[in-house]
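Chemist: Starting from the known structure of chain P, arrange chain V on it as the hints suggest.
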Amino acid sequence: MTTLLYTHPVFLEHDTGYGHPECPARLTAILNALKHSSFAALQWRDAPLAAIEQLTRIHTATHVERTLSRIPKHGHYAIDGDTIVSPQSGEAALRAAGAVCAAVDAILQGEADNAFCAIRPPGHHAEPNQAMGFCLFGNAAIGAAHARAIHDLKRVAVIDFDVHHGNGTQAAFEHDPAYLYASTHQAYIYPGTGRREERGIGNIINVPLLANSGSADLRHAWRQDIEPALRQFQPQFILISAGFDAHRLDPLAELDFGEDDYRWLTQEILKVAAECCQGRVVSMLEGGYNLPALAASTAAHIKALMEAPLAA
Amino acid sequence: MYEFLQYQVRDAMTVDPIAISPRAKLREAEMLFETHDFNGVPVVDEQRHLLGVLTKFDLLKAFTLDSHAIAPHYDDIMEQWVETVMTPDSVSVDPQLPLSRLLQKLVEMRTKSLPVVENGRLVGIIARQDVLRALRRATIQHQLPAREDSRP
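These protein sequence lines are chains P and V, in that order.
Quick note: the first sequence, position 221, residue 218 per our numbering, numbers continuous.
To get our numbering, take the position in the second sequence, counting from 1, and add 272.
Next comes chain P alone, as it looks inside the complex (with noise of 0.2 Å):
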């Protein structure tokens, strides 16, 4: 199996302000547990800058040119309370776009199996026309909606096992029957969305969890909810936005993951990967938000990708 990580040293670039949560740290803490001889075989890449054509299939042009407009030269600027930009937060935002669709054309032309992508800023509170919680642009969005127009793939899905819903993916794909959306998140937090009769044409699914959910409800989720569906819906890619603020020392939300959970549920989804799209995955950071934490689930999620079981 090969595994592709694909990241970019202006990640660590984009500067949210002194003690924001979304922070440079949570890079580095990742990219230093990558560097244990269990991750050799990783095959790094550089993540390209995406092209303002792939993020106007989710977004707006107004979005974009806004969004990249509010940039500061110097210092900081508050697109929100949370959302918070520097002066290489344009690039960041480009480059963790195009990570994910340079991944997707890696995956689809048969250089690797599933690919990583270590990225900075997220993506998935970014709706069409709003970047919000942290999020500039849609990177899983972007992602799915770049498989479908350039490798003509038919039905892409995307597993949010972040602790918040993603609003922003759900609002992108709600209309689609190309895209199938399924999350589980923590309810009544932020954003407030991700009810579970939001279903937007029947292909959204979403699982909201009680505060002190653990593996068990985890578990239960996958297999009552999102694994039937996803089955059903037969995905020809897999995109996964991977967020560890579910781990039980996160100090964003109260659910109770722990690493073997984050390391379980990448192999579900790789075996539902395997039996219907070739095992092709590509993942990427959303939140995560205690260092150590965050490095160790990552590392489980990657070791996972790693040793996904091959295709059928």
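Honestly, the hints are just simulated from the structure, not real lab data.
Label-pair distances were calculated between CB atoms; the ranges are: (1) P:35 / V:311: 48 to 54 Å; (2) P:288 / V:370: 53 to 59 Å; (3) V:366 / P:69: 56 to 62 Å; (4) V:373 / P:288: 51 to 57 Å; (5) V:340 / P:174: 28 to 34 Å; (6) V:340 / P:66: 25 to 31 Å.
Away from chain V, derived, C-beta distances all over 12 Å, residues of chain P: (7) 22; (8) 30; (9) 32; (10) 45; (11) 54; (12) 62; (13) 68; (14) 147; (15) 213; (16) 275.
To give a feel for the contact side, a few chain V residues facing chain P, derived at Cβ under 10 Å: (17) 337; (18) 338; (19) 339; (20) 340; (21) 341; (22) 342; (23) 343; (24) 345; (25) 348.
Beta carbons are placed, not taken as given, at the ideal position from N, Cα and C, and that holds for glycine.
Modeler: Showing chain V alone in chain P's frame:
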């Protein structure tokens, strides 16, 4: 033995307690809690009319994770007005309320203190510790007389 039944709220309350304005910042309220060992502070207007109560619980609740922001804006929340997070229309008691009834109320409501209001104005505050002190006073003053027949 039953002296406690004679007490009223006015006998045990703290008179003219410290109160806070509805337009004070949460940061000032926190300082007040830090300086004094209060669990809650009455919120009053300039004529000392009771508007509500701000407790440590109310203050903590303002900082919980919710759907409005991915992370609470801790600094901004400290600048909010007391009236935005206080418990308005809080229960208050009359100074003439028997202390036995006040005790009952504190237990039923699991509350730590209640403002005392007379003619609409705050005149005192009565807390668990005040009631405990009154109970001590009512019980240690009157040891039962030793009984003749208990002597050897």
